[in-house]
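If you follow the hints, you should be able to join the two separate chains into one complex; please do so.
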Amino acid sequence: MKNIFVIAKNTFRAAIRDRILHGILVFALLFILFTVFLGSISLGEDLVVIRSIGLAGMYLFGMIITIFLASSLISLEIERRTLYLILSKPVSTLELVLGKFFGLFAAIALITLCMAAVYLGVVAYAGGGFDAPSLGAIVLQIFEAGLFVAMVMLFSSLATPFAAAIYGILVLYIGHSLSVLLQYVQHRSIALKAVAKALYYIVPNLEKFNIRNAIVHHMPVDVGMILLAGLYALLYAAVLLYLAKQLLAKKDL
Amino acid sequence: MIEIRNVRKSYEGNPVVDDLSLTVKTGSVFGFLGPNGAGKTTTIKMLVGLVRADGGTIKIDGHEPHDTPSREQIGFMPEDPYFYDRLTGMEFLMFCGQLFKKSYRKTENEYGEILKLVGIYDAANHAIATYSKGMKQRLGFAQAIVNDPAHVFLDEPLDGLDPIGRREIKGIIKKLHGDGKTIFFNSHVLGDVEEICHEIGIIHRGKLVYAGDVKQFCNGRTLEEQFVTAIEQERNSSMLTL
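Sequence lines, in order, name chains A and B.
For the record, in the first sequence the residue sitting at position 2 is 2 according to the working numbering, with numbers rising by one throughout.
In the working numbering, each residue's number is its place in the second sequence (first place is 1) plus 253.
Calculated directly from the structure, the hints in this document are not laboratory data.
Being a predicted model, the structure only gives us computed values, none of them experimental.
Take the hints with a grain of salt, since some may be wrong.
With a cut-off of at most 25 Å between alpha-carbon atoms, the simulated BS3-like pairs for lysine-lysine come out as follows [to be verified]: (1) LYS355/B <-> LYS428/B; (2) LYS312/B <-> LYS251/A; (3) LYS359/B <-> LYS2/A; (4) LYS359/B <-> LYS9/A; (5) LYS355/B <-> LYS278/B; (6) LYS9/A <-> LYS355/B; (7) LYS355/B <-> LYS2/A; (8) LYS359/B <-> LYS428/B; (9) LYS9/A <-> LYS312/B; (10) LYS423/B <-> LYS2/A; (11) LYS9/A <-> LYS389/B; (12) LYS250/A <-> LYS312/B; (13) LYS389/B <-> LYS423/B; (14) LYS2/A <-> LYS250/A.
Just chain B, with the same shape it has in the complex (with noise of 0.2 Å):
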């Protein structure tokens, strides 16, 4: 269970996450949205120990993500990521995978089967600086995915993909889900989100506006329609206090 309890973080004194209190069960395909800017990825950076918060807890199963072994558990995929351009693929991955206790004697035919996973085992032998955008999410995900972690979160995993990829990209969630694994990603593809979330979050200026499940948020209507009023009402609520 991923718990999050009255956060907060601001960057020059402004405030980026707000008292966010969040509750995310374990197995379940939690989506985290919210505006640019609103604090998903300083959120998403708190829950994998990059950014210490300045106030309030955060633990996942029990634990605090800044303590380092518990880590083992976590998988992360960064929004738009950078990888060292002058390893290959296969190289990229043993890397990350000998850094976990649960991966490091993993053998080349394991880390292939998760290359083919994600899409890019032919490219396993090419240096990353060759890889197109869609190729570089794809390993993004692969590296998240390689110590068969409990909790998976993504960072606008779906972002540089075609829809093909999109759809593969859903196809391994909706697996991962399977297998019992928690999922947090932050996404503006609403469309998707409704397809494969459970539960949402939406965090507007730091401030968390509604937590629970998908249907009973959208209420008929699509996801981005009841998204973008959400958001609407809330900005001009704010505008009303000033």
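Just chain A, same shape as in the assembly (with noise of 0.2 Å):
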């Protein structure tokens, strides 16, 4: 437990000096802020416009600086060995994989937690007070990194970073996508259906993050739901990161 804290709190202080995650961030930052400029072009509609685009960029940057922090993560390491300072110590592989997955995850949340605010703070100063419903959508996005960032690493203990990153994106796309390629195999071949549904129960289905339209449109949102994906992105992530180290106790380093 003490070692998984350790790797973690290194992991974490390493990744939230990362230059180019500042420049992500001020990016991301600068881009919630113009919402307020959006919101006073669109006739009337100022709050709904600053919520959807508010949302969708903080959930959109979130991901990008996930991709980005997470493909290195394992193989960069393994790269540039500094897997050898760690692993030649008393750290066993499952606390290394923990520990990296905890520090990582919490730098993403707190990165997440910092657009969040300025956010409800942008809402705020447009005159829709504190945006409470939204917390729901931000914790439901940290879920989301949660299960994404052991997804990222499962794949950056497999392969190259750059690899690592675009198998993520797939997973990315095809996660939010599946109930749309279900109904769109319907009344397709039994091979295409087949594979739909190996994918349908394979990849996950990250659309249970998603009640951004509902919370831009007022529609009531089931906190059971929320608590409930939290319980599948704790469940999936556990599955994936026990992969994660079985394939890398498998690896000669």
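Below, the structure is given as structure tokens:
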């Protein structure tokens, strides 16, 4: 447990000092601030535009940052041999994987909260007061980021940072299109249906974490559904991290 | 005591270490020598638990290096070490120290003493990205001794150091030996090996060519001369076999 915390602290520290990350974060914050202008030219729909584009922007930049940081988390350590310095110490592969995961997840959660603070400020400035319903979308975004970090970490223990990033983007795209995909193959060949079904069960259903539209259009959101999505992310991430650990343990460094 | 018995390791069917048996006595300074690609680094990686042997056994004080808790007594410095560039030297050393039970509660002053010992205390709070190769080498050495280990494994510890740096690191190795530590190191700098080692092992194409006393091996010549002769003899005999 101690080693997981020590590795997590180190990973967190290294992640938040990344200059490229600072650049993306500044750009993300400027984008959220820019929604004030977009709202002002939207003919009376200021808040709808600000909330819609603000939440979408937070999500988009959150995922860009996640892919950027997670795709090199394991592979770069293997390539640069920094893992030698850790795994030659009394540290198990499981402690390493969990430490890396929690460190990066904490960094991404902090970055998401920074963006959320600016977003909430923008909504309040535009006359929307404290946008409490958006907190549900932000929490779900953090859950999804957790699952996604574990997924890209698994890819990162298999492939180069670039390949891991590409696989991550593919999963992100497919994970948000599963329902559409199933509908699309309804009247197609059996083989296509089988492929779609397989994808449906293998790829995480990331739409479970998307309540942004419901929030923007004041539709009711069930708190139980948010908790269930959190449980789904937890279980899925646990399986992915276990697989990453198994892969790493089998590697000759 | 470090005991290596009939250890084998292949990569993609090519034997890298072939039936290696070696014993290193506790408290000795052991130099592990060989030409490039002889299997030195693979052996050292097996000794610290980074790579699993295909066959044979490795025991360090009776424990297998893959047994995670046994690594509390091991210190390892890889060849040409890489670090987390965004951390400072002090942060990195503290991170490494906190991974050991015995050094978890060390104070910043104690970590500072280790950095003073390896000569980079003045740069303790600078980002590692700003360190020269020699400073990184010294930081690599510092993290290898942060837990006050009984056995220190060093892969080319004198690489990239200027003459003064080499003298300082050799001084630390001698000090560690004085404290009763076992030092096992790979090196190409044979003059230094001759100066600080009591025993050597020579490996060529994965097979042990010689293991024993340095002076006995040198037999009045320099280690470099005798080493070159031994390797050439091995090459000639393997060509005759072909």
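**Prompt:** Between LYS423/B and LYS2/A, is the straight-line Cα distance small enough, at 25 Å or below?
**Reply:** violated, 34 Å
**Message:** Next pair to validate is LYS359/B with LYS9/A; report whether the Cα-Cα distance is within 25 Å.
**Reply:** holds, 17 Å
**Prompt:** Are the Cα atoms of LYS359/B and LYS2/A separated by 25 Å or less?
**Reply:** holds, 15 Å
**Prompt:** Are the Cα positions of LYS389/B and LYS423/B separated by 25 Å at most?
**Reply:** holds, 16 Å
**Pairwise hint evaluation, LYS355/B against LYS9/A, where the allowed Cα distance is 25 Å at most** = OK: LYS9/A and LYS355/B at ~19 Å, within 25 Å.
**Message:** For a C-alpha distance cap of 25 Å, please report whether LYS355/B and LYS428/B respect it.
**Reply:** The hint holds at about 20 Å.
**Item:** Hint consistency between LYS355/B and LYS278/B [alpha-carbon to alpha-carbon, up to 25 Å]
**Value:** Between LYS355/B and LYS278/B the Cα gap is close to 24 Å, so the pair holds against 25 Å.
**Prompt:** Is LYS312/B within 25 Å of LYS251/A, Cα to Cα?
**Reply:** holds, 21 Å
**Asked** Is the hinted pair LYS359/B and LYS428/B satisfied, with a Cα-Cα distance of at most 25 Å?
**Response** holds, 21 Å
**Request:** Mind checking the alpha carbons of LYS9/A and LYS389/B for me, to see if they're no more than 25 Å apart?
**Result:** holds, 22 Å
**Asked** LYS355/B and LYS2/A: Cα distance at most 25 Å?
**Response** holds, 13 Å
**Proposed proximity, LYS312/B with LYS9/A (alpha carbon, max 25 Å)** = violated, 33 Å
Of the numbered hints given earlier, the model fails hints 9 and 10; all others are met.
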